[in-house]
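*Asks:* One-letter residues, chain by chain:
There are 2 protein chains.
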Amino acid sequence: MNNFTYYNPTKIYFGKDTIKNIGRELREHGIRKVLLVCGRQSIFSTGVYDRVSASLVGWHVDFVRFSGVQSNPVLSKVQEGIQLGRKEEVDAVLAVGGGSVFDSAKVIAAGVKHEGDVWDLFTGQAKIEDALPIFGVLTLSATGSEMNGNAVITKAEENKKWGIGSRHLYPRVSIIDPEFQAYLSARDTVNGAVDIMSHVFELYFDGSKNVELMQEYSEAIIRTVMKNVKILLTNPSDYEARAQIAWAATLALNNSNGTGRRGGDWAAHDIEHSVSAFYNVAHGAGLAVVTPAWMRYVYKEDPKTFARFAEKIFGITTGPQEEKTLQAIEQLINFFREIGAPVTLKELGVKYEDLEKMAGNAVQQRPLGKLKKLQKEDVLAIYKMAYE
Amino acid sequence: MNNFTYYNPTKIYFGKDTIKNIGRELREHGIRKVLLVCGRQSIFSTGVYDRVSASLVGWHVDFVRFSGVQSNPVLSKVQEGIQLGRKEEVDAVLAVGGGSVFDSAKVIAAGVKHEGDVWDLFTGQAKIEDALPIFGVLTLSATGSEMNGNAVITKAEENKKWGIGSRHLYPRVSIIDPEFQAYLSARDTVNGAVDIMSHVFELYFDGSKNVELMQEYSEAIIRTVMKNVKILLTNPSDYEARAQIAWAATLALNNSNGTGRRGGDWAAHDIEHSVSAFYNVAHGAGLAVVTPAWMRYVYKEDPKTFARFAEKIFGITTGPQEEKTLQAIEQLINFFREIGAPVTLKELGVKYEDLEKMAGNAVQQRPLGKLKKLQKEDVLAIYKMAYE
Numbered sequence: 075m076n077n078f079t080y081y082n083p084t085k086i087y088f089g090k091d092t093i094k095n096i097g098r099e100l101r102e103h104g105i106r107k108v109l110l111v112c113g114r115q116s117i118f119s120t121g122v123y124d125r126v127s128a129s130l131v132g133w134h135v136d137f138v139r140f141s142g143v144q145s146n147p148v149l150s151k152v153q154e155g156i157q158l159g160r161k162e163e164v165d166a167v168l169a170v171g172g173g174s175v176f177d178s179a180k181v182i183a184a185g186v187k188h189e190g191d192v193w194d195l196f197t198g199q200a201k202i203e204d205a206l207p208i209f210g211v212l213t214l215s216a217t218g219s220e221m222n223g224n225a226v227i228t229k230a231e232e233n234k235k236w237g238i239g240s241r242h243l244y245p246r247v248s249i250i251d252p253e254f255q256a257y258l259s260a261r262d263t264v265n266g267a268v269d270i271m272s273h274v275f276e277l278y279f280d281g282s283k284n285v286e287l288m289q290e291y292s293e294a295i296i297r298t299v300m301k302n303v304k305i306l307l308t309n310p311s312d313y314e315a316r317a318q319i320a321w322a323a324t325l326a327l328n329n330s331n332g333t334g335r336r337g338g339d340w341a342a343h344d345i346e347h348s349v350s351a352f353y354n355v356a357h358g359a360g361l362a363v364v365t366p367a368w369m370r371y372v373y374k375e376d377p378k379t380f381a382r383f384a385e386k387i388f389g390i391t392t393g394p395q396e397e398k399t400l401q402a403i404e405q406l407i408n409f410f411r412e413i414g415a416p417v418t419l420k421e422l423g424v425k426y427e428d429l430e431k432m433a434g435n436a437v438q439q440r441p442l443g444k445l446k447k448l449q450k451e452d453v454l455a456i457y458k459m460a461y462e
Numbered sequence: 075m076n077n078f079t080y081y082n083p084t085k086i087y088f089g090k091d092t093i094k095n096i097g098r099e100l101r102e103h104g105i106r107k108v109l110l111v112c113g114r115q116s117i118f119s120t121g122v123y124d125r126v127s128a129s130l131v132g133w134h135v136d137f138v139r140f141s142g143v144q145s146n147p148v149l150s151k152v153q154e155g156i157q158l159g160r161k162e163e164v165d166a167v168l169a170v171g172g173g174s175v176f177d178s179a180k181v182i183a184a185g186v187k188h189e190g191d192v193w194d195l196f197t198g199q200a201k202i203e204d205a206l207p208i209f210g211v212l213t214l215s216a217t218g219s220e221m222n223g224n225a226v227i228t229k230a231e232e233n234k235k236w237g238i239g240s241r242h243l244y245p246r247v248s249i250i251d252p253e254f255q256a257y258l259s260a261r262d263t264v265n266g267a268v269d270i271m272s273h274v275f276e277l278y279f280d281g282s283k284n285v286e287l288m289q290e291y292s293e294a295i296i297r298t299v300m301k302n303v304k305i306l307l308t309n310p311s312d313y314e315a316r317a318q319i320a321w322a323a324t325l326a327l328n329n330s331n332g333t334g335r336r337g338g339d340w341a342a343h344d345i346e347h348s349v350s351a352f353y354n355v356a357h358g359a360g361l362a363v364v365t366p367a368w369m370r371y372v373y374k375e376d377p378k379t380f381a382r383f384a385e386k387i388f389g390i391t392t393g394p395q396e397e398k399t400l401q402a403i404e405q406l407i408n409f410f411r412e413i414g415a416p417v418t419l420k421e422l423g424v425k426y427e428d429l430e431k432m433a434g435n436a437v438q439q440r441p442l443g444k445l446k447k448l449q450k451e452d453v454l455a456i457y458k459m460a461y462e
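Protein sequence lines correspond, in order, to chains A and B.
For the first sequence, my numbering assigns the number 75 to the initial residue and increments by one for each residue that follows.
For the second sequence, my numbering assigns the number 75 to the initial residue and increments by one for each residue that follows.
Honestly, the hints are just simulated from the structure, not real lab data.
Keep in mind that this is a model prediction, so the values were computed, not measured.
Keep in mind that the hints are not guaranteed to be accurate.
All copies of an identical chain are treated as equivalent in the list; a pair is satisfied when it fits inside any one copy or across any two copies.
List of simulated lysine to aspartate or glutamate pairs, EDC-like, C-alpha gap at most 20 Å [said to hold, decoys possible]:
hint: 1; residue 1: Lys447; residue 2: Glu293
hint: 2; residue 1: Lys431; residue 2: Glu154
hint: 3; residue 1: Lys444; residue 2: Glu286
hint: 4; residue 1: Lys301; residue 2: Glu290
hint: 5; residue 1: Lys386; residue 2: Glu286
Could you put the whole structure together from the sequences, leaning on the hints where they help?
*Replies:* See below:
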């Protein structure tokens, strides 16, 4: 087991009728005025916005609405939010939405406190030294952003979908009411499930040694998501299934199953980011496509863990390690297909002639991954394997 | 799944050579003088004390030593610590030791800030409104006190071993270096392992519904402990086994596997507390004795979970539920016996004629448990089942 530091000070309210706590929490943190960051539609139609604003009004917290954040959130929108936050002199940022809204809110919170160009925080030219306090009400469980210090933003004009992380970006309080996720489309539900699974895969397959307890915990999360997403495809408003997936999403990336590891592999994520930097595909959809191809490309680096995966997730207990692994990857693709996720780049509308450009873009900061270091030609090979 | 609030702001340093961080952390928290709470011997002979004091001196943090805390820590000793803390005007309390030291340090931290009798915080006559900041260096993994807000103290003259919990009692920083647990005796190692398992049992068997992910996580912790304690009995300085058990101990009771549940059953703990309130037996030893008897007394309340336990922990997959359960309880007793834990009250030196008194003592605050509410006669029946 590797040495580690674990610190996660986000307070979570989880369950039915918990949104009402947001006003009180803001007030108890001394917040008088927030920038309410949100998307375009769903929180208005589902009643989430009404609940949030009622709580804010009830607790005398002023708010300025900053709406219109889209999936694969872009830098230009974040920069608008920073301007508005400064102009309105808000004390805090309140995300109301899914991962894109949370990530945007986090970068706005850091940006308001950062003198120069906020993109410098992504390139490493500047460090996040401070941020406005961040609060959130989650309406789509997938990215785990509600309980970690990470954010991913796309600089559209340069096709860069990059991430940052900082202890200043942990939300102070996040509220997760799974009831409101009953309104999600099957597509959003499925993309969320794939994203959650992928977060666990990144940790599970990072080549760590002596992390048995974490591996078992990871397997529990994966099995939970796989089981419950199927329930939701039949009955979207099954509260218990929503709750299981929602909490699994948070646990998948709040570092609780990352302790003692090598920090995760993250190649599949980076390989996907370069897809959605060029094509506006949902992160989860991209992950369903690239993850199995990545697995096929790297499994020989850690045959034992891949064979274990075959056994613990798909119950494949007989045969040689390699055969079990290949069978498991096949079953993973089948599972993705079964729940309606795309499984080829072609399905996503990616042009074959773009693969080379995407591969170059993916490795522009550094080679990818930990289990196997991937250069441009490796990423290209993975894209080709995932193409059709 | 039940609604829940999760908030655990303790920062953990885990791994080799991590004790050196304590001075810097104290300093960064603005602490200039601490009350260093510790036991009698082990931290001096193992070199832990030298490492801690070197770090404090290096970071110019003054400290006053308050040593001599014993297992089943007593109120009178805590009261001494409170006096010393006040007299020396310390800014914080630093626990260096195992669970007894942590629990004493917590109650001292609360007591320094509490005007009246500190025992009032246990009886409910007063509430914990504040506490000195608490820091810790853990040398025996078992109670989980390093990452939660709980403490258990014995008022010896009244045979009351009672617990308190408060958000003010979470350590700010806890350091866990498993290397120093290589010095633990087989007995301490085994008692620790039983304590950890018992914490998970309390959560696992509290009758919660729709907590599949938490059940799997709990099973992973139990299997991890059972496997690694056996390794340590053969090779006490196996770092990886120490590390697995140490982190399992923290996870067992930092509420991470308690989310969405009914709050745990805790009858077995209370039944044990009344044993060690009268007899100076180690908590873990007492738990090894009373837990299987408690299981036998209550399993009919939740036959499904007990059968699941039989399957997931002991691999008993055939036969009717009840048979599987009884077989699993038998195997649990065998496991305890195999690792050298006591399995009867008689072995602990308890006198049969004291059982009635102990049972009355156990329920003096309230009936025990959640899965099945236990009155005095129930507790007495369990003591009798556990007697020989």
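*Asks:* Check each numbered hint against the structure and report the violated ones by number, ascending.
*Replies:* Of the numbered hints given earlier, those the structure breaks are 1 and 2, listed in rising order.
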